[in-house]
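Novice: Listed here are the chains, written in short residue letters.
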Amino acid sequence: MIDPLSIFLLLLSASTPILFAALGELVAERAGILNLGVEGMMIAGALAGFAAAYATGNPFLGFAVAALAGAAISLLYTLLTQVFLANQVASGLALTLFGLGLAAMFGKPFEGVKAPPMPDGPFGINWIVWLGLLMVPVIWWFLNRTRRGLILRAVGENHEAAHALGYDVHLTRTAAIAFGGAMAGVGGAFISIATVLQWTEGMTAGAGWIALAIVVFSSWTAFGVLAGAWLFGGVTVLQLRLQAAEVDVPVQLLSMAPYLATIIVLVLISARQTYSRKAGGAAPGSLGNNFHALR
Amino acid sequence: MQRRTLLASASAILMALAVPAMAQDEPLKVGFIYVGPVGDGGWTYQHDLARQAVEAEYGDKVETTFIESVPEGADAERALTQLALAGNKLIFATSFGFMDPVMNVAAKFPDVKFEHATGYKTAPNVATYDARFYEGRAVIGTIAGHMTESNKIGYIGSFPIPEVIQGINSSFIHAKKVNPDVEMKVVWAYSWFDPAKEADAAAALLAEGVDVILQHTDSTAPLAKAQEAGAIGFGQASDMAAFKPSPRVASIIDEWSPYYIKRVGAMLDGTWETGSSWAGIGDGEVVIGEITDAVPAEVKAEAEALRDKIGAGEYHPFTGPLNKADGSEWLAEGETAPDSDLQGMNFFVEGITAQIPQ
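From first to last, the protein sequence lines stand for chains A and B. Here this note's numbering is used: position 226 in the first sequence is 226, and no number is missing along the way. Here this note's numbering is used: position 144 in the second sequence is 144, and no number is missing along the way.
If you're looking for bench data, these hints aren't it; they were derived computationally from the structure. Heads up, none of these hints are tricks.
Chain A regions said to be covered by chain B (calculated; three or more residues, Cβ under 8 Å):
1) 9-17
2) 106-115
3) 186-198
4) 236-244
Idealized CB from N, CA, C, for every residue including glycine.
So here's chain A without its partners, still in its complex pose (with noise of 0.2 Å):
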C-alpha cells in the first residue's frame, strides 16, 4: 500500500541535515573532540548560507558560505578548548546557545524572505543529498586508508602518544573541529536553503543533538552514521506516512525507536567492550579530554 520507494525518497532528504553534522561530528570524536555545538554550528550555516543564497541567487554558494561559517563559528570553540584548555562539554553547550542566539540577532533581516529554488540533481533529487552520499565513503576512506586519518585516530586515541611521535595534537584537532563546523553549517543550510526555503529564528529545532546522538549510534564509524541517519530520518518519515494513509500506529512508539535503538546499540558496545578478548572500544580514547603538553 506504501510504496517502499517513496518513502526511501523522502528519507533520503530527511535524512541529509543529520547526516552531514553527524559526518563532521564522527570526525572531530575521532580526533578526540566531544563538540556539543553542533547545533549552533547548524543554525549559523543555516542563516549564511540562506543570506548569500538569497542575495547572490545562487543556492550553491550559499552552501559554500555556509559551510565557512560553520567552519568560522567553530573557531570560537576551538580558541576555548584548544588554546585556554576549558571544560569541552562546558564550551560546546556555550558554542550551541552563542550560535542560537547570534542568528536571531544577525536573521532579522532575513525574515519573510524566499530563497532562490535549487535545480534537481541527476534522479530529481537534489544535488546536497548526493554530496552527503558521497561524504560517507569519503570519510570512510580518509579515516581508515590514509596516513592523515591514521594520525587524526591516534590523536583521538591517545594524544600523549600522538604528541610523543611529535603529531601536533592542537593542530589536528583544530582542523577537525572546523571540518565538524563546516559539515554541520552545510546540514543547516539544507534545511534553510533546501527544505524550508525560508530562515526562521530556531529552525534547526534540535537536529544537532540528534546529530550527536547518532554518532553514538554508529559506534564512531561512517557508514554506521549513514545507518544512523536512515534510521533516525526514516522513522520520521515512515510514522508521517503511516499517519497519512491511516495506518493506526501508536505514533509515540515509532518517535521513539531510534532512541531506544541507540541505547541498545551502547549496551552491544559495552558488552563487547567488557566480554571480548580483543579491547577494541568503540569510543575513542581520548574523547573528551583537552591535551596540554608539559602536564
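The hints should help you fit chain B onto chain A, whose structure is shown.
Specialist: For chain B alone, coordinates are given in the frame of chain A:
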C-alpha cells in the same frame, strides 16, 4: 542565586520608593511573555505586532516590555514575577501552557491584571482571550474544496487538542459542502514549530496524492514542499506573503491588535474587568489574507461572501445537521454548536476517516 535575590529585592525596594513619587506622570506599564522568539514569523510574531500596535495607539501613555522564548512551566512563573515586580500593571501571557503560572503569580499580585491567551481559568485579576480560528478555516476549507483536483486535502496538525480539531472539522465540512467527493488526510507533527518535520509531514501527504495542504503549524516549510510538487497551501498565523501568489493562495492571520488596544484602553480609563473573550472574523481578530489570482474569481467571490457572512454573524461554521465520525448525531438541522462543545471538541465529524490519537 543570592546575588540574583539581592538584585531583585533591591530593584523591588527602588520601585517601591520610586512609584509613589512619580505616580502621576508614570506611563502605564504593560508586559508580555512570549512562548517563542519574536522572529518566528508566526504565532509570537503576530502577538508582538499587536504589542507594537498598542504602543502606536497610546504613545507616551504606555510603556511595553516583553520577554521572548519563555518555556511553558516553572520558568514562566519566574518571568511573570519579574514583570510584575518591574511595575507592569497589565501582563499578557500568550500561550496555553502559561495558564497555571499565571494563576499562581496572579494570586501573589492582586493589583496586577493578567490576560491569558487560549486558557480557561479566570480570576478577579485574570482574564482569558482567544480567537475563533475555525471561522477562518471554514473560508480556506471552501477554497480547498474547489481547488483540489485529486479530491484529497491534507491537514498538518500540531497537537490533537480542541483548537486544532475545530480547525480540521471546520475546513473539512466546508470543503465537502462545495465538493462532496473530498477526502481529508491528517498528519500530526506533535510540534508547533519544527520546519524540518513539517516539511516531512507535507511530503508524506503529497505522496498520498494530496494536492491542497492546510497546516496548523507555524513554519513555511509545508508551503515550500507544496510548491515543489505543484500543490497549494495557505498561510498560517501570519500572512506568509513570500509564497504568493502560489502555493500560498490565501491565509489565516491572527490579529490580536484590536483586543490588546481595547484591553489596554480599559486599563487606562480604569474600566478593566475580568472575562473570557472569544472573538472571530467579526471583531477583526481572525483575518483572511489576500486571496490570490491563483484562485478562480468565482471561488474567490464565494469564499469572501462566506467570510462576510460569518463576520456579520449570519452564519455559524458549525451548523447542523452534523454527525460525529462514529455516526452518532451531534447537531440537528439548523442547530449551531454551543461554545462548550467547541472548547472540548475531541471528535472528528462524519466523513473524516482518520483517527484522533489518544
